[in-house]
Every structure is written in structure tokens, then in C-alpha cells.
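Enquirer: Sequences are here, hints too, so could you generate the full structure?
There are 4 protein chains.
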Amino acid sequence: MRVGIAGASGYSGAELLRLVAAHPAFEPAIVTSREFAGRAVKDVYPNLPFDLTYTELDVNALAGLDVVFLALPHGASMTIGAQLAESGTRVVDFSADFRLDDPALYPQWFGKEHAAPSWLGKWIYGLPELHRDEIAGAALVANPGCYPTAALLALTPLLANGLVEPNGIVVSAASGVSGAGRGLNAGAHFSHVDGNVKAYGFPGHKHTPEIEQELSRLGGDDVRITFIPHLVPMTRGLLATCVATLAADSSRAAMSAAAHARYDDEPFVRVLDDAFPETAYLAGSNGAHVSYAVDERTSRVIAVTAIDNLGKGAAGQAIQNANIMLGLPETSGLLAGGLYP
Amino acid sequence: MRVGIAGASGYSGAELLRLVAAHPAFEPAIVTSREFAGRAVKDVYPNLPFDLTYTELDVNALAGLDVVFLALPHGASMTIGAQLAESGTRVVDFSADFRLDDPALYPQWFGKEHAAPSWLGKWIYGLPELHRDEIAGAALVANPGCYPTAALLALTPLLANGLVEPNGIVVSAASGVSGAGRGLNAGAHFSHVDGNVKAYGFPGHKHTPEIEQELSRLGGDDVRITFIPHLVPMTRGLLATCVATLAADSSRAAMSAAAHARYDDEPFVRVLDDAFPETAYLAGSNGAHVSYAVDERTSRVIAVTAIDNLGKGAAGQAIQNANIMLGLPETSGLLAGGLYP
Amino acid sequence: MRVGIAGASGYSGAELLRLVAAHPAFEPAIVTSREFAGRAVKDVYPNLPFDLTYTELDVNALAGLDVVFLALPHGASMTIGAQLAESGTRVVDFSADFRLDDPALYPQWFGKEHAAPSWLGKWIYGLPELHRDEIAGAALVANPGCYPTAALLALTPLLANGLVEPNGIVVSAASGVSGAGRGLNAGAHFSHVDGNVKAYGFPGHKHTPEIEQELSRLGGDDVRITFIPHLVPMTRGLLATCVATLAADSSRAAMSAAAHARYDDEPFVRVLDDAFPETAYLAGSNGAHVSYAVDERTSRVIAVTAIDNLGKGAAGQAIQNANIMLGLPETSGLLAGGLYP
Amino acid sequence: MRVGIAGASGYSGAELLRLVAAHPAFEPAIVTSREFAGRAVKDVYPNLPFDLTYTELDVNALAGLDVVFLALPHGASMTIGAQLAESGTRVVDFSADFRLDDPALYPQWFGKEHAAPSWLGKWIYGLPELHRDEIAGAALVANPGCYPTAALLALTPLLANGLVEPNGIVVSAASGVSGAGRGLNAGAHFSHVDGNVKAYGFPGHKHTPEIEQELSRLGGDDVRITFIPHLVPMTRGLLATCVATLAADSSRAAMSAAAHARYDDEPFVRVLDDAFPETAYLAGSNGAHVSYAVDERTSRVIAVTAIDNLGKGAAGQAIQNANIMLGLPETSGLLAGGLYP
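Chains as they are written, first to last, in the numbering used here: chain A, 777 to 1117; chain B, 777 to 1117; chain C, 777 to 1117; chain D, 777 to 1117.
Be a bit skeptical, because a hint or two may be false.
Identical copies look the same in the list; a pair holds intra-copy or inter-copy alike.
Each computed SDA-like pair below joins lysine to any residue, with the alpha-carbon atoms no more than 25 Å apart [said to hold, decoys possible]:
id: 1; residue 1: K982; residue 2: D1049
id: 2; residue 1: K818; residue 2: E803
id: 3; residue 1: K888; residue 2: R1073
id: 4; residue 1: K818; residue 2: H799
id: 5; residue 1: K888; residue 2: E905
id: 6; residue 1: K818; residue 2: A1051
id: 7; residue 1: K982; residue 2: A798
id: 8; residue 1: K888; residue 2: A1029
id: 9; residue 1: K818; residue 2: P1043
id: 10; residue 1: K898; residue 2: Y976
id: 11; residue 1: K818; residue 2: D878
id: 12; residue 1: K898; residue 2: P825
Simulated from the structure, these hints should not be mistaken for laboratory data.
Expert: Next up, the structure:
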């Protein structure tokens, strides 16, 4: 399979290239970068010792490939994604540009109208654990955000089985700084991040509406969440700690049973019964660990997911989606264990 | 003032010694350590270049000092604290042993009966921003836990002014690993902590009841919280992100006004209007930064506090308490800015 | 190929298992651990989601496998390695127990006589870039130490071509703390390692004699080096900075030419012409980056190598050796790019 | 004493301000910053909760103060330092602009002619352990670089007593990234620095000539060193590992005696007899730890110094110099122990 990656010099794109190069059925045919066009990949990313050169983005060239991954900044995919969609090319888009079905959410959350609203709703939200069957027949997949992936994996068994109240959910999450990308700013300086934890982007983080969209599908109309992301001093890894109120007749046992029923056949999601998830075990992998703990005194559950934000939270999940779209074994190229320690 | 530190070889005790040695009115007269008795402090802690030698704990010797700090493991202070109390010595205790007024909470949260229940209620809960006047006249002060300090500083202006519902509060907090002490265990190995975030101790973390005790005093009977601590890959620093539901007629403006009214004259607490607190700015200091942000969509506030867990969360606050007890300027020995970067 | 790993619960053994599980021709048949015998691997190492259980070490069981890796503490391999050697089993040993040809070096550097001195000299020193042909025909390979791998890769082109004086070489190296293993000690506590750099183990680090043995083979009799290891606050990665005096007629151009001639066809070693190696690019990979810079004022070269201490410095190199021993493509299972960022 | 800091928004300047504010005899009267003029210090550096506002640099205003610290970029001090010198103001300059006596070294090492060569030689090289008496009577002090401070403290007792050969010395050093300043570049991004060690700036690092100048004064004409700096993943801290060849009749005992004789009365330098220095113990302090270890096999010593690059390597040493210049106790404002853990 000949594969294209548009935006292969950002962190997500580079991680995708790392995975594509090790994939038994994929060959990286085109890798684009506006900043590094003309330069060898291995000079920009010395960890990727492949004979590849960055090129400028050319939609026509990409259109001829078996699958194209768009790892472009939010907003940039609206046009290019629509062009590739029209050409019939299989596309997995990393941005939020096609994740939301309701066009009205774009001005509300992203500050401007969608450039190709007629395409909304024609892309599948690419969380395989929720939408595997639709992805299997799809040409257009909107790869979920990192925080939504974690939050949804934790909450899905609970909402799908009516085990928690759909309202009042709090998602407090922590991400490594690679989630903010390669861009330079004072907040990314090592001397600033080292020893530093902070909340940011509350309220109004752009990942909020896609979490709400998917939870609403699962749990009833119009779920609203309180979402608070944090930055922590590490490069990779994302932890979502979701707090919800128990529904009547709910219990830790029921939640555990629901989670095992949902995930025990999933290749990448593991339910931990006796431990809380730790991000360090997932580095570089497409895995997700989830756990459930109940505070009887306050009738609340914490549902926790750990992932690699660049793995299951971005590039790994994109490979998983492409495998499904192309009819390959879903785990192709994704079997490596996490890099630990 | 001649000062004693019992347990001066743990992280909190050593930080306290660092502050005592730099205090204009204090002289470290006795520093005890079971593990290191007989050894020079500067050989155990080369960062503390003072001519001091650890001794075995001797209550009678401590009883003659102007103030004694107990930085002993939880449980160990029950007896020693009571003995010093009987001798009339001024004591600041770092443990939870005298923080709770209700003896019934000890078996519930700590797994055994209190050894000196008659002394409970005679110690002042040493959060100066809540109990300054009582501390001023007290000989016995129970220094708050690190998480409670942060959570209470964030929530006090809200509950004291009826700006949030007292029930349903979620405190999601993150601490550097020094909070778990010097002890060796697999979870403290650098190779494990590096790149790792995890929740732990939920439900049932021992800091829960003291947060509830103080919030109940402020906000009405029987406040119950959901408290979720996390470990993050840094040595010092603690962030508490508290989520509460707005009361009727509440607003961000009202919260901000309440916080400024309460804290603008406090020497160590700063209200940030336009930024979220970051732990890196507080390292080594007794400062606390708080902020308030409201999500109108879900009628919730996040109230965030950043501190140094060993500073305002332990040793710094102990010095602040001792200053108040002894009639010294409250900021004596605590004016250094945080170590940043 | 059925593979055994003795000592698969240490960091090197676990990294080896990660690589074996992803290897196209290998199947992990037996994984032993004294500490964790009877426990599922994925419970001890949640990053390794494989259906494997640790067993006690049984030499007879191991003897029937296609290749056995010994990732045991130094000293423990002497007996077991000799037993497997007698059985004719292919063995790659991670320890220093069979790296040195001269039995007299063991009491000198390791403090006791070798337990199976007759086997010394029958093991090949498993640095493929030096001894590929011998490894190809060997059943017994002594996998090099992490520091020696880095130092030898940097210095080999210089000594083999007479471009530096063989005497007076200084190797100053820095390793992440995973190199010291899983064991708990005060020096491995996160709060101690964070923000900390130190030299250690000078003089007399146990890796010294194998560097000298191999340099002496290359550069003439009796090379003696000054070797100074350091610990730096990171988990993986190793940098060796080797300082040597230029031989007459030497030059940076000659060194660069020699390095390219030696390494350009090597699958895992890359010569950097315009940059110094950085450990971050090699994490999780079997790659090595080398560079050469000359100070004309002092007639000295610094030859630098970066590797992952657990990759090319241990488990990756062991796989490379096994591939060569078994006649597999040398890069099998080792093609993944480094995990960066 | 009214104090001015020009360039108080860089890392060194901000650390200086932290120390000045806690100094019993100093009052920060003027703090300048081109980037932040008009802004409150505590908004730029929330760790510095002082009522101060950055202003534009005004030489005339600075000239009226008791002492002025110049924490400006290299090159910028040439003119301003000369202007302040002419006004008779006491100045401590952080840059290399007045550290070297020989004007010819500036074009050689810094790429351009010195702008005020007549002032060279009128500034004292501000390493108190070498030049205390001259500093005491001086108005103009050139504060040493961080690497030179560490290297010179290690090597001084050896060269001053003829215990090592003055030629062939190798200085391999490692610094935290705060040493490179606040500036944004790809090499300072947390995701890049994390897990990364690299050499840089070899040959030709700008700190080389001042090390050579001072060593030549101590050890005979024309000492030439091989200096190799490294960056390691931490914010503060600097370790210099210096390798030298033993002179005839030298020994570890002689070195230890020389070091103790030289440093035991120094307030900030501690000779470690049984341990290697570790940077973590010096964070935020003006301390330096040195040690000596001998490799009899190769007749070499490693002399190691650990400091905080922003402390004894910059701002702490500047305070020490100012104390000496002003006749204050040399330790004023510098007695705090290092922040550990």
C-alpha cells in the first residue's frame, strides 16, 4: 500500500512516519512538509533513518495513493480534506476539521465557519472501539483528538450501560508537552516545563465538543461535560481522570463487568482491575489502559484512561483506522510493546 | 529562639532545617533522626552545610526548647506530641495525628484508634489564612497536609461566601514525588516516574477528612468531597484543581472579588486574574497562587492552587505557624522568592 | 525460532522481550525470573501485553531452544553460561562473564576468580561491527557492555587506521539511570536523580578492561584508557565522549573518511558530519550515531557516540548478534526508528 | 545599598534579583529589561513577588547606585561597562566582555575586535577564591563564566601546587539548559531536551580562553586545554570533570591536602573526601563541591566540581563579589542551603 503523509514534520506526523515505516504492508510514498520541503527526513528527524525527502504538499499527487494521512494544523484540512474526498481517496485526518457533525459547532468552538460544511457528517469519527463497522466501509475518517480518545474509552462502558448519570461529568486530564506540538513558545522551554504542572485552556478547549458529541450519542441527548486539561513535565503520555455520579443500581462490579465485556476482545484496550493506569507503560504504543474506582461515600466513580498522546491519541490510532479501512489485520504494524522504562 | 526538629532527615524535616538555618530568629538546637543519629547533617544532606549532628529523639531535651517541630511519620506524633503538650512546650506537628477533632475519624481513615484522644481539639489546625488568631495564642499547632493546604486555599473564599454549592466538590490534584518521602519503593525509581502520570489513593486518601472538616466549618454541615490525588514526574510542587457547582447568583466576578478580599493582605497567597497557577514558580517558597475560572455552559468553577508541597505544603507553613505562635513577624525567614527556573 | 530469556524481569531482559515479541522470526518460549516466577509478564511489565508467564530458571529447559539470552547479574552467567555452552546451545550472554579473554582480569576487576576459565576465549565478543564474521559462526557470544559499545564504535575507525595515539585516551561518558537496573537504592530515587549529574565508579569501572581489550586488538599492545562514567537525569540513552591525541598526519578529513568507510554499509551506525550525536534520537532503537571533531590548537579529536543503553547497548545488540548467529537478516526485528520526541 | 541590575529579565538577571531581594543590605533600586520595560517584575517572573517594575536601561540612572550588575548579552557590556567604569560606579559584569586581559583574544574567540580595549586589564577576574584581595579594592569586576568557575575551582589546587602537568588537561563538563538562557530555539524545547544528552560547542567554546588565562597564571605560561561542554536534561546545575596527568611525586594524598589547605576556610567551597560531587545539592546556592580521584594505572587525576550554573556560576558569585567590593560580610545573602530534593 502506498501511503502519503501531509504534514510529516510535526510531532504527530513524524510519529506516524515512524509507524508507517515499520508497518508490514505500508510504504511511505509521499511525505510533505512546508517547512522542510527538499530536505531529507533523516536530517530533520535523525531517529527516522529512512531514505525519504520531504516535498511540498500536492493534492493531486496524494490523490493517487492508497491512503493519505493529513497531519496538518487545525483548519488546514478543511480544504485539502474536501479535495481528497472528492477524488475518492481514502483519508485519515488528524485535525478536528471533520470530527463534528454539526456545522454550528465550528464557529462556536473554533471561531470561524466551516469551509466545507457539506462534507461534515460524511466522515466517520475514527474511534474504532465505538465505530469499527462504519470505519470498515469508509473512505473518510476523522481521527479523534488525544483527550477525547482517552475520555471516551473510559466513559463509554459506563454511559452505554446506563451506569452513571450522563450529566455532571468532570474530565480532568494531563498531557505531556508533545501534545502542544513542535512550535516554539515560552511555555515549551525545558527550563519552564521542568518541575511545572498547570491547568490550561479551561473553559473552551477545542476537544470538548467532540467528547460531548460522542457521549451524547451513547448516553442520551445533550451531554455537557466540564473538561480541564493540564500540562505535566513529560514528553509523551496522557491521563484522563473522569468523575461521574453513579446511577441508581450501579456498582463497581457492574462497571467492571461492563468494561470487561466491552474491551476484553479489543486488541488495544486493557481493563486494569487492581491498579490505576500509568502513562509510562504506553509510550510509543497504541495501547490504552482503563480502570474504575468507586467512592461509596460520595457515590462517584473515577474512570481513568492512560494512553500515549502520540500513539493511541494520534498516530497509532490513525494506523489502526487505516488498517480497518483497508481490510488489513487491525493490529498490523501496531504490535510493539510500550517503551518502558 | 532555640528550635528542635524531630525527624529532621525526612524530606519535610530537611526542608524545615534549611529554612530554620536561614531564619533570622531561629537557631537549630536539636535535630533528631533515628536512621542517622550520630552523623553530621551535611554528610546526609550535603545541601545543608551546617555544623549539626543528628541525635536520637529525646523528649525531655526537646521539651526545653522554644519551639519543637515534629516531622515524624503519621502515628508517631500521637505519643510524643502528647508528651510535649503536657510539658507546655510549643509544638508544630507535621503529621495528621492532631489535625482532626473527631476521634472517630482516626479508625475510619487511619485504621486504628487514636492513642491520645483527649488531646484532640486542643491543637489548632495550622492554616494561618483560616485560623491565624487561634494560632497566635496556641502552643499546639497541627500543620496541615499538603493537599488540604492547596484545596482549602482555593475553596475557602467560595464556601465562606456561599458562592458554590458545598456538595459535589471534586478535588483533582497532582503532586511531585517528594510528597511520598525518601522511602525506597518501585514507584519512586527514577526510571519508573520519568514520563509517568498516575492517579493513586482513591478513594480513601488520608488527607480527605481534614479537607472535609475545614470545608464543613466554612460551608455548612457535613461537606463531602471527591478527592483524587495524582503523581506527576517532578520532585516538588503541588497543584489542586477543585471543581464546584456555582451557587445561585454566583459569578466569576463575585468569586474574584471574594478571593481578592480574602487574600490581598495575605503575605503568601496571590490571586491570579489572568493566568492559571504554575507550580514551577513556587519551588522552595512559602507562596501559594490561586485562580478562578468559570464554565458558564456547565455552571461550574475551577478553583486552582499551586504550592510547593514541601514549602507552603509542609515546612514553609510550619515556619509561618511558628512565627505567629512566637509573636515574630509572620514572614520571618520566608521572604525568598521561588527558585525559578 | 524458539527463544529463551533468562532474567527477563530486569530492565535489559524486559527490553529484550519487547524486541523478541516484535521479531518476525522469534517466539519467546521461556522467560525466567527468580523474583516473579509464576506471575504473568503483563502484570509485572504492563507495557508488554503478551500471554507469557515468568518461570524459574531451568537450564535443561533452556538447552532445547534455538537461542538463549542470559540477562542475569554479573557472575551468575559463569556457571549457567558454561552449562549451556556444554549442551551446544546458542547463547548470547549480557554479562561481563565471558567478555574477557584473560582470566587474570577477573580477580583484578571483578574481585574474584572466574568460575569457568576454560570457557574464556571460546566466546566471541559480540560487537558485530568488529567481529561479524566470527559471530556468524559462533554458538557463544558475549554481548558487550553499554559503555564499551559506545566507546568502541567511536574509537575503532581511529585506532584501526592509526589516526590517533593509542595511549592517553580519555573516555568520558554519561548514561541514563536505567543502566543501573531496577534495583532500589537512594541514588535511584526520582527526587534524587532529578536535576542531578554526577561522576561515579572512577577509577575501576568494570567496563574498563573490555574497552582496553578491544582497543588493544585494534591499536597495538596494551592500550590503557581513562574511563569516567557519569549518571544524568534521564532513563535511557548513553553518550560516550572520547578524547584522543592526533597521530602525525592525521586530520579531521582522514578521520571522517575512515569512519564513513567503516560504517556507511553498517545498518545501525550512522556517521554525522555536521552535528554532534544526541541520545534522544536513539531511544528504543538499535542505532548508533557517531561524530568526530578536531581541536587543532591542542591536536585532539573528540569522537562521540550516542546509543540507547538498553538498545544497541544491550538488548538491541543481542538481537543483532542472534540474527547473525542464526543466519537471519541482520536487521530483523530491529528496523523501528527511535522514539522521538 | 542601592543596587541596579541591567538585564534583569534573563535567567541570570532574574536569579540575581531573587538574591538581591533577600539580601540583608541590598535594595533593588533599578531593574532594566529591554523586552519587559514597563511591566511588573512579578508578572514576568511570578516567583519574584516584589513591587518592582522593569525600566529601560539608562546608564546615568545606574551610575548613581552603590553597585550595578550587568547581566546583558555578551558584547553589550563593552560600551555600557566602559561608561559606568568612567563614572566611577562599582560594576559587576556577567559577560565575557572584560574577563580577558589580552585584546587579541576577542577577535579570535568572539569574532570581533573589543570596543573598549583600553579598559581590559582594569577589571578584576571575579573568582574570589583566586583574586579575593584584588576584588576587595576594585570597582570593576568581571564575573567569571559558569564553566570556568567550576573548572578553575577543581584545578587550582593542583596547578598552584605543581601536582599535575599543566599541559594536556581535558575539561569535560555538563550543564543544565538554563545556561543557554531564556531564548527560544528548537534545542530548548522540552520534548527535545527530555531524555537527551549531547556535546556542543567543541572546539571553540567562548569559555575556553578565560580558563586558559587563569590556569596559565597559576601553572606556568600558555596552558592549553581541551574543553568539551555538554547539555543534559535538567534546568540548573553544572558539573566539570577535569582530567590531568599527575606530575612526578604527586599523589591523591597530596592533592587532597592541597585542596583542603586551599578551601577549608573558604565559605562556599567544600572538598569531598569520600564522594563525587552531585549537582542536585547545590541548586539555588552559591556553594561548590570538589573532589579528587586518581587512576594509578594511567597516572591521571579527575578533579570534579559541581555548582549551580546560575548560583556560584553566575548570580551567587556576583553577590559574593559585590559583598567583597563593598566590605560586607562575604556570605551576606548567600547562606541558604541548596534546594534539595
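Enquirer: The structure should be examined with respect to each hint, and the outcome stated for every one.
Expert: Comparing the hints with the structure gives:
Taking CA atoms no more than 25 Å apart as the test, K982 paired with D1049 passes between copies only; the shortest distance there is 22 Å, against 32 Å inside one copy. Taking CA atoms no more than 25 Å apart as the test, K818 paired with E803 passes inside one copy only; the shortest distance there is 16 Å, against 31 Å between copies. Taking the shortest Cα distances, K888 and R1073 sit within 25 Å of each other only across copies (20 Å), while inside one copy they are farther apart (44 Å). Both within a single protomer and between protomers do K818 and H799 lie at most 25 Å apart by alpha-carbon distance, with minima of 18 Å and 24 Å respectively.
In this assembly of identical chains, K888 and E905 lie within 25 Å of each other by CA distance neither inside one copy nor across copies; the values are 31 Å within and 45 Å between. When the C-alpha separation of K818 and A1051 is checked against a cutoff of 25 Å, the pair qualifies only between copies, where the shortest distance is 13 Å, while the shortest distance within a copy is 40 Å. In this assembly of identical chains, the alpha carbons of K982 and A798 never lie at most 25 Å apart, being 32 Å within a copy and 36 Å across copies at closest. Taking identical chains as interchangeable, the C-alpha atoms of K888 and A1029 are never at most 25 Å apart, the minima being 45 Å within one chain and 28 Å between chains.
In this assembly of identical chains, the alpha carbons of K818 and P1043 lie at most 25 Å apart only when taken from different copies (14 Å versus 32 Å within one copy). In this assembly of identical chains, K898 and Y976 lie within 25 Å of each other by CA distance neither inside one copy nor across copies; the values are 32 Å within and 41 Å between. Proximity of K818 to D878 under the C-alpha cut-off of 25 Å is found in neither arrangement, the shortest distances being 41 Å within a copy and 42 Å between copies. With identical chains, the CA atoms of K898 and P825 are never at most 25 Å apart, being 37 Å at best within one copy and 35 Å at best between copies.
When held up to the earlier numbered hints, the structure conflicts with 5, 7, 8, 10, 11, 12 and fits the remainder.
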